[in-house]
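**Q** If you want the building blocks of each chain, they are given just below.
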Amino acid sequence: MSLKNLSIFSLSVLLFSVFLVIYLNQENSKKLNRIEQWAKNNQIKVDKSTKAQKFTIDFDEKEWNLLKQKLSLTRFFTSLKDVPSFDFGFDPDYARELVEYWGNKFDWKSQVEYLNSYPQFRISINDTIIHYVHYTTNPTAEKRINILLLDGWPGAFFGFYKAIDFMEKNYKDICFDIVVPSIPGFGYSNPLEKVVDPFDTTLIFDALARFVFGENSQYFVHGEDWGSLISTFLAKLYPERIGGIHITMPPLTSFFDFNSLLYAFAGQFFPNSILTEQEIKFGFKFSLSELASLIIKKTGYFHIQATKPDSIGAGMSDSPFGLLAYVLEKYSFGSFGMNVVGKKDGGLEKFNRDDLLTIITYYWMTNCISSSMRLYRNAFYTLEKGWPRTVLNMKKISAKVPVGVQVFQHEVSFVPFKVLKNKYLNLSMYNLVENGGHFSNFENPEKISNNFIEFINLAL
Amino acid sequence: MSLKNLSIFSLSVLLFSVFLVIYLNQENSKKLNRIEQWAKNNQIKVDKSTKAQKFTIDFDEKEWNLLKQKLSLTRFFTSLKDVPSFDFGFDPDYARELVEYWGNKFDWKSQVEYLNSYPQFRISINDTIIHYVYYTTNPTAEKRINILLLDGWPGAFFGFYKAIDFMEKNYKDICFEIVVPSIPGYHFSTPLNKKHNPVETSMQFDALMRYLFGELAHYYIHGEDWGSIIATTMPQLYPSRVSGIHITMPITSESNILNNICSLLLPYVPSLFLSDQELEHEFSSRYSIKSKLWKFWDEFGYFHLQATRPDTVGHGLTDSPVGLMAYILEKYSSWTFERLNKISGSKDGGLEFFNKDDLLTVCTLYWMTNSITSSMRYYANSFNAMLEFRKQNLDFFSLSVSQTVPVGVQMNLNDIFVTPFWFIKSRYLGLIQYKIVEQGGHFAAFQNPELTVKCLVDFITQVEYKI
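Quick mapping for you: the protein sequence lines, in order, are chains A and B.
Residues in the first sequence are numbered from 1 upward in steps of one, following the working numbering.
Residues in the second sequence are numbered from 1001 upward in steps of one, following the working numbering.
Read the hints as simulated data drawn from the structure, not as lab findings.
Even glycine gets a Cβ: it sits at the ideal position worked out from N, Cα and C.
Short, incomplete list of chain B residues facing chain A, as computed with Cβ under 10 Å: (1) F1090; (2) D1091; (3) D1319; (4) R1377.
Turn these sequences into a full structure, and let the hints steer you where they fit.
**A** As structure tokens, then:
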């Protein structure tokens, strides 16, 4: 498209948008009330009959041997000589190295002990099995704060273990009542044989919070990846009970949101006008072409998971090697961005190898890769049910709920402060962090803990 | 939009377009000349040192046993109960059924014999290994036609076997010199350890034809999927050698501004652009921008992934037979049948229409040659190459095909996208045949060998008579 055509097109979009924004702003507060009312009327009942069962992870020797057998039969392919490592995806040579280690040196039994170091439970809410960790730090401390820690894909509940440990040791004057649920279809929140989308998950997680903390208790939420989206839903639906949400990946809803499209348009021609100084220093960009580039270059996996998850699920449920390469590629690009291209290990040697393999083995043992990927499809599949699921098209959150945003330098997507200020009417905190990536709980447990607690203290 | 506004809008668009078309056409022929010159300068030498070797496919017992061992260890997952089968991709229950058959009843040894029923060769051109079938039908017939049969992803060369057989039996007065090469990186055109794109493929396939039929040889091309793209590029490179192209997947190039403007107008004034037959088959809605975007979203996840990170999904498909099968056969389902009526909610996604052994032979062929990842890399390589060529002002993928090259199109209605005649003609200037196939899908020759051959030979006959 020539510059001239782009300008003509953009100008008409601009004019159209201005009128739309004015119209929509008037609609907004009416809509928020509507959804709060809907949420109250459709709350999932949690009563004396709802019971949680203690849960311990087994070391399944038979399954572990089957995994090792499959690893020993792994078939590989060769890398291209004239293409840099990780340019086309997970490097086949490095994958071979990891498979070697996984099958011969990795000690799953010890890892299972580690995974069991915090108390876990399973409960059925709305006919959906939810696995969660429930731990109370410093039970005798006077100050009590209820928190929900939410992860996403391809994360794991035990990614938060180091953060929990840090919170316990460094905030002895606070008793944190911590719940870490797994999204239905993830890990031990299985089996799942029906469609449960992020919106349903929100209702279920709130029910879990009421079950654990009490019907009218307030709680704070920290959310990463899908967790950021679910946190935002929670704040929209239950502003009375959510003390505040702390998110690392503000949902990129620019495609449904004319307001932020306007900013993207402005960013196309005046890139620095829509960014703060710090954002510019960090190298963040927000423009129409940047959004286009993001969609084209980085969302192939998202596209296929949101349309045909079962077609790729078959291979990854059957091949541990396939699972490893697919998932760890995310830990590579997600943590370091495009810097990984050319690196033999995709940057992954920075992490503890056992930690990474524990995540993969956990996805393998729970046979949940397909059901976890279906979450992407579900998110779009249920949109035809209409409102309130179309709340995915998120515009604003009530000023009643403080929002804290902590964005790491290599986060997968980026929404500028100026845009967020319009969406989160009570944006009480906005921090950028150098040298960190998408998997914040895994990579930077101390930073997110400190930031989260600071945010909570601000809110209280 | 009121009628008055629409008229004003349309009129300005129309005027703008007229000037644009005149300007673009002048640009176009200049650019095509450049490409022809570039092709002459970069032609691959084919001389006495180039030698093809006869090739027979081995029944590798060890590999077959390994495959069966892996199949016996297959781990499955469960289907969702409240979603029609195949709505989320390849149905896990049907996958289980096919894996059962594949590991216990499928006779790979017999299939290998079948695969060897036509003579095959391998040759190294430009340091790239190319496997091909080369067969001459009715050698004593007077009329000789050289023809390249090209398929794409996830196809296989033997998909043309039934078509070749039909050509031999039903056109006894024509001697067809048939060449069926596999794209480098596909099946036995391996190993491939460097980048490779459709322009290189085109050059190498042309070199192959010159090797077989002489430097001045003329030939026709029938192309499906990537084969259509290669068939479109070859006449841009060698317009004097390509007698005509017959394709099932015309690329009308969305960067063609005129086409885009007309696509916008299409839903409002369909009869301006569409024939009665096209109107009857709802081309106005299927070719609308909204419909195309929706289809792109629904069906092109694989494309998006393969064009950006092919190795990512390659690992699982290289190591897991069921993974490979589900990923590939989902295409034989989605691209052959109507989604709402035949696929969604069905037990088999429509696949029982095909011969089970044929489908599993496609999968086993990808498996045995360990070529799934290199086949998918073709997508990423092609996109990178496209951007590179654009920088050098050699815009193969959006330039038209010269009027001097006759084009025949077989439009299969159940294919992912359909393109009306009007929009094809603006890029394929020599379009002389356009046939709509009602129950036809993407894998034209594989699904409908007789119909496809009839379309093809009708086209060739038309061209030959004109000459």
